[in-house]
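Visitor: Take a look at the letters that make up each chain.
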Amino acid sequence: MSPAPAAAEATPAKPAGRRQQRGERTRLKIKAAVVSLLNEQDYFDLTVTDICRAAHVATGGFYFHYPRKDDLLFEVIGEYSAEFWAALDAALHYADPYSALFHATTALARAYRDAPGLVKCFNQLAMTDRAYVQLWETAAAGWVSRLVEKLRASGVADSRLLSAGNAYSFLSFADLMLFKIHIEKDPGLAAAAGGIDQVIENVAVLWHRALVGSSPPAARLTFSVRGKGV
Amino acid sequence: MGAITTKATTAQAAPADRRGRLGVKGERTRQRIKAAFAELLEGKTFASVTIADICRTADITVGGFYFHFASQEELLDEAMAEYVTALIRDLDGALETAGEALAEAVCGAFLSAYSERVGLARTFQQLTRMRADYAVRWQSASGPAMQRLAEWLAGDRADLAPDQATFLAYALVTMIMSKLDLVYVYRDPSIAATAPSRPALSSELPALWRRMTQPGSTP
Chain V
1 MSPAPAAAEA
11 TPAKPAGRRQ
21 QRGERTRLKI
31 KAAVVSLLNE
41 QDYFDLTVTD
51 ICRAAHVATG
61 GFYFHYPRKD
71 DLLFEVIGEY
81 SAEFWAALDA
91 ALHYADPYSA
101 LFHATTALAR
111 AYRDAPGLVK
121 CFNQLAMTDR
131 AYVQLWETAA
141 AGWVSRLVEK
151 LRASGVADSR
161 LLSAGNAYSF
171 LSFADLMLFK
181 IHIEKDPGLA
191 AAAGGIDQVI
201 ENVAVLWHRA
211 LVGSSPPAAR
221 LTFSVRGKGV
Chain L
1 MGAITTKATT
11 AQAAPADRRG
21 RLGVKGERTR
31 QRIKAAFAEL
41 LEGKTFASVT
51 IADICRTADI
61 TVGGFYFHFA
71 SQEELLDEAM
81 AEYVTALIRD
91 LDGALETAGE
101 ALAEAVCGAF
111 LSAYSERVGL
121 ARTFQQLTRM
131 RADYAVRWQS
141 ASGPAMQRLA
151 EWLAGDRADL
161 APDQATFLAY
171 ALVTMIMSKL
181 DLVYVYRDPS
191 IAATAPSRPA
201 LSSELPALWR
211 RMTQPGSTP
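Residue numbers (our numbering), protein chains in the order written: chain V, 1 to 230; chain L, 1 to 219.
These are calculated hints, taken from the structure and not from any lab test. Just so you know, even glycine gets a beta-carbon here, dropped at the ideal spot from N, CA and C. One or more hints might be untrue.
[Said to hold, decoys possible] Computed footprint of chain L on chain V, listed as stretches where at least three residues anywhere in the stretch have a Cβ under 8 Å from a Cβ of chain L: (1) 160-174; (2) 205-218.
[Said to hold, decoys possible] To be clear about the criterion: a stretch of chain L counts as covered by chain V if any three or more of its residues have a C-beta under 8 Å from a C-beta of chain V, and this derived list gives those stretches: (3) 119-131; (4) 135-148; (5) 162-173; (6) 180-187; (7) 199-209.
[Claimed, not checked] Label pairs and their calculated CB-CB ranges: (8) L:D163 with V:D96: 23 to 31 Å; (9) L:T194 with V:A58: 50 to 58 Å; (10) V:K185 with L:P144: 13 to 21 Å; (11) V:G195 with L:G155: 23 to 31 Å; (12) V:K185 with L:G93: 27 to 35 Å; (13) V:A191 with L:T45: 31 to 39 Å; (14) L:P199 with V:F64: 56 to 64 Å; (15) L:R89 with V:T59: 47 to 55 Å.
Pulled out of the complex, with its shape left as it was, chain V reads as follows:
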């Protein structure tokens, strides 16, 4: 994770001094603490005191870096989002459509595995706060149009359903499947889903079928061969 540019603004004068390094360390501690606390606690119930206790930082130290709890969260989510969209962009470098969709699903699953609390919190905030919705929408719209371009260029047999709207809703589909399995833990779905590798493959296969119009080549699949594919 790259150092946040805001840190430089918050610590005046003496560039690259020891004070600044320590300030940066404090910021990192605070950010790590909130990410781990969110795995156990709802964001709305989380207090600055909780975060400071977990980060071993004085309350004054917290407010020096972040005027409000929301500012901290917006920075953390911004950083995780940047990493997430970079991984999704990297998925588009794969030549064939299935690899691209498989790696995109993997990137989503990794986000849910590494910081489930943060992802849940992001989903909650995106339901009510336009700032968070826009964070997702801007990046998603760009990524989706690159995906559609890529699928068109790869000579998809039947492109009737390959619209930006459908491509966009299947990104949401993959996201919502992982949300139901990892965050909501829907008992009916979780019991049938199998391990994470199986989930990733099955979600990518369905995504491929919907946009490309056919199943991916059998040679690319692990679970359908074993009778666990969709």
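Model the placement of chain L on the given structure of chain V, informed by the hints.
Guide: Frame of chain V, contents of chain L only:
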């Protein structure tokens, strides 16, 4: 924003005794309050709708509101319970459909819920994301229908193991809801411009369904 995290289903059965002797007029007023609430939710989020808004829209007094509902939370709770009951009833009806047309029927059940009850649908989707108790409410209400859909899929596709039929059933419903969420819940401006109309959705959703349920992988 703190208000949305607390108090789930507190005063559920409180006015039961009162409701017993409501009579036809009282029941009509109660329905009018719920209709006003549903209408307001089309333009506002549930957290920003006030009791004053509801009273103005339903043309009743604040006292009249509190005669019927102990709190706005109780009204929300009842409105959501009714929304889910109606959707599951439509879904159960759709699952009675014979043969291939089942895809159209199931997609149609969700499409009616989202397009005809858009304020309630949006609010319910928001609540399931924000409150664990609403997510659980949906899981237990929809569970039996999901199992019936899984059984239908297993009958349609002999190559599916029971678990995979269940996975596919959940995947199909998730596909329908993620598409409808984009059109009716999030209303993303970049999508809204090209958002399909209801007739377009009613043919596009089953087309996606058929693609997703096509058997196996290409050799």
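Visitor: All hints are to be evaluated individually against the structure, with a verdict given for each.
Guide: Against the structure, the hints come out as follows:
Counting residues of the segment 160-174 of chain V whose CB lies closer than 8 Å to any CB of chain L gives 11, so the stated coverage by that chain holds, three being the minimum. Against chain L, the segment 205-218 of chain V contributes 10 residues with a C-beta closer than 8 Å to a partner C-beta. That satisfies the three-residue criterion, and the hint holds. Against chain V, the segment 119-131 of chain L contributes 5 residues with a C-beta closer than 8 Å to a partner C-beta. That satisfies the three-residue criterion, and the hint holds. For the segment 135-148 of chain L, the proposed coverage by chain V is satisfied: 5 residues have a C-beta within less than 8 Å of a C-beta in that chain, meeting the threshold of three.
Interface restraint, the segment 162-173 of chain L with chain V: holds (8 residues with C-beta to C-beta distance below 8 Å; minimum three). Only when three residues or more bring their CB closer than 8 Å to a CB of chain V does the claim for the segment 180-187 of chain L stand; here the count is 3, and the claim holds. Counting residues of the segment 199-209 of chain L whose beta-carbon sits less than 8 Å from any beta-carbon of chain V gives 3, enough to reach three: the coverage restraint holds. At about 28 Å, the beta-carbon gap between D163 (chain L) and D96 (chain V) stays in the expected band of 23 to 31 Å.
T194 (chain L) and A58 (chain V) have their C-beta atoms about 51 Å apart, which keeps the hinted 50 to 58 Å range intact. At about 19 Å, the beta-carbon gap between K185 (chain V) and P144 (chain L) stays in the expected band of 13 to 21 Å. Hint check: G195 (chain V) to G155 (chain L), Cβ distance near 27 Å, so the stated range 23 to 31 Å holds. For K185 (chain V) and G93 (chain L), the Cβ-Cβ distance of about 29 Å falls inside the hinted range of 27 to 35 Å, so the restraint holds.
With their beta carbons about 34 Å apart, A191 (chain V) and T45 (chain L) fall inside the hinted range of 31 to 39 Å. Remark: the range hint 56 to 64 Å for P199 (chain L) to F64 (chain V) is upheld by a beta-carbon distance near 57 Å. Distance hint check for R89 (chain L) and T59 (chain V): the Cβ-Cβ separation is about 52 Å, which falls inside the suggested range of 47 to 55 Å.
Violated hints are absent here; each numbered hint is respected by the structure.
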